[in-house]
Amino acid sequence: MHKGRDVYYQPYIYAGDQKFRNGKYSEAIAYYDEALDIKELSSIYLKKSIANKYLFQWEESIAQWEIYLSIARLSKERREGAELELENLRFAKQQHEEYVASDFDYNIQKLRFSTEELEYFPTITGGDEHLIYTHRYISGSKPTDENLFEAALDGISKFGFPLEGNLNSRLNEGAACISPDGQFMVLTVCDRPDGAGSCDLYYSHWNPNYGWEIPKPLPGALNTGRWESQPSLGPDGRTIYFVRASNSMEADRDIFVSTKDKEGNWSKGQKLPSNINGSDRESCPFMHFDGKTLYFLSERSPSLGASDFFMSTRINDSTWSDPINLGFPFNSFGEEFSLVIDKSGQFGYLASDRGEAIVPSYDGLSALDLYRFDLPKHLQPEIRDNYDLVVVDSLTLRSIGDASVQLFNVDGVQFFSGTSAKNTGRVRLMTDGGEVRLSVYHKGYLPYSGVISQLDYIARPLHGNNVATIKLIPIAAGKAFALRNILFELDQSTLLPESEKELTALLRMLEDNLDLNATIIGHTDNQGGRAYNQRLSEARAAAVLSWLVEHGVQPTRLTSEG
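Quick note, in the numbering used here, the sequence shown goes up one by one and the last residue is 562.
It is worth saying that the hints were derived from the structure and are not from the lab.
Predicted, not measured: the structure shown is a model, and the values here were computed from it.
Ideal placement from N, C-alpha and C gives every residue a C-beta, glycine not left out.
Certain hints may be false.
Claimed, not checked - In silico SDA-like pairs for lysine to any residue, Cα to Cα no more than 20 Å straight-line:
#1 19 <-> 46
#2 422 <-> 394
#3 292 <-> 216
#4 216 <-> 155
To be verified - Computed spacing ranges between beta-carbons, pair by pair:
#5 497 <-> 559: 37 to 45 Å
#6 474 <-> 534: 30 to 38 Å
#7 318 <-> 443: 48 to 56 Å
#8 155 <-> 318: 37 to 45 Å
#9 410 <-> 74: 55 to 63 Å
#10 265 <-> 106: 52 to 60 Å
#11 317 <-> 193: 31 to 39 Å
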């Protein structure tokens with residue numbers, strides 16, 4: 001050491017810091033070494049360790065951090081924090097080595113419509129053709145107004161544009177999610193007079209004549225005086241995952257789930273269990289279209305950056321698998337801020353301010369930008385089958401928009417609810433295999449029901465979606481139709497609980513068409529004798545009639561026979 005030159009070490013630190021801020025980490029280390037040659041300071045070892053990390057020089061980074069720990073005078077709390085960071089370094093080394101050893105092409109690319117301002121909270125439209133995201137303007141050096149933008153995912157578009165309609169205002173609108181059919185949006189709105197306080201969750205409907213309608217607060221108890229934000233709508237349309245905190249800056253951010261009742265009101269929300277919500281801040285939930293796989297952001301350790309992306313799978317209503325860190329390159333040393341995965345589970349989009357140490361084409365701006373990536377198999381949701389259904393009029397073959405489409409499992413539990421697209425009658429569905437029951441309805445038509453795997457598919461491509469046409473029959477006197485998902489106890493006329501969804505569709509048709517009378521005709525299999533089956537079919541038809549009467553249909557409109 002050259003103790004007589006102590007006064008000269010500081011310019012080397014300042015120069016090193018400047019090089020570090022500009023992403024020139026090797027040059028920064030050279031200046032830090034010059035400073036150490038004059039005076040040994042624990043803080044310089046700390047700076048060197050971080051610069052080595054950004055160069056992926058793991059052994060050197062860990063060694064520098066260990067020297068820092070050995071000579072620094074730290075309080076108990078700060079030492080615990082520094083030891084935790086050393087653990088994070090070792091974890092990052094392992095994750096990066098696995099990334100380098102992988103032969104998978106993650107294909108991370110910054111989207112062309114990212115700007116020098118801030119873009120984050122991406123959400124994919126129902127047809128996977130557009131990305132809706134939050135754009136935040138910068139005035140001088142400070143971010144200002146948040147608005148929702150949309151850009152085409154065609155690989156060509158260089159610009160995003162404010163959403164069409166009456167959704168954006170001079171206040172903040174952002175952090176949106178959209179229903180699978182693209183007709184319903186839940187978004188975050190702050191400081192509105194009609195809000196509950198701070199930021200709240202609002203909804204908007206798509207109007208084909210002028211775009212998105214003026215947002216309104218979600219009905220029910222979800223919005224409180226606290227900070228509600230960052231919604232993710234479940235594929236059934238009846239669940240929302242969101243973040244709640246005292247305010248946007250507090251450390252008590254946790255992920256909640258709210259459910260919608262039959263009247264359309266949303267519950268206050270239940271906090272997800274402790275393996276999802278730890279002692280650190282959790283945010284940015286994204287529930288995949290499979291209804292089971294949750295991706296979210298957490299500040300828990302071990303981690304690569306200040307906050308990392310994790311994934312967990314819902315086992316049942318109250319149990320989730322232990323989250324796993326997505327690792328490199330989804331997590332970086334920069335700030336990660338929201339992620340979304342497409343319906344196929346094979347690729348997605350994220351927001352990050354990552355630097356050139358991760359993505360060489362990064363322009364050096366300290367701002368959140370949007371990136372596209374491919375997802376390796378072990379991080380994908382377990383999706384087995386994709387379907388494109390086209391709902392048409394059985395007589396004219398014209399497409400039917402706004403048809404209600406629902407999927408149920410064998411226990412009658414609904415896991416998808418959507419509507420067919422207004423212009424094309426198309427709706428995209430996905431299942432994780434097994435027997436899935438389908439219900440389709442539109443006013444003026446007979447309800448349709450069936451098992452999705454038994455549909456008459458136009459195409460079953462090796463890659464892509466199965467395609468089928470659902471032909472709805474206009475209501476007319478004398479028309480008969482089969483309800484295939486009304487189930488009974490074996491050899492009995494007792495309705496099984498899983499029949500309620502199908503019966504509800506029949507009830508809805510009768511409520512929508514008050515001048516319509518119906519005859520319920522029961523059926524059985526051919527296992528019993530003729531007389532036995534006749535009595536059983538009559539009893540089953542009578543059971544359906546009784547259910548409809550109990551739910552408000554006038555008995556004079558109904559008859560039954562076997």
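Original post:
Which of the numbered hints above does this structure break?
Top reply: 3, 4, 5, 7, 10
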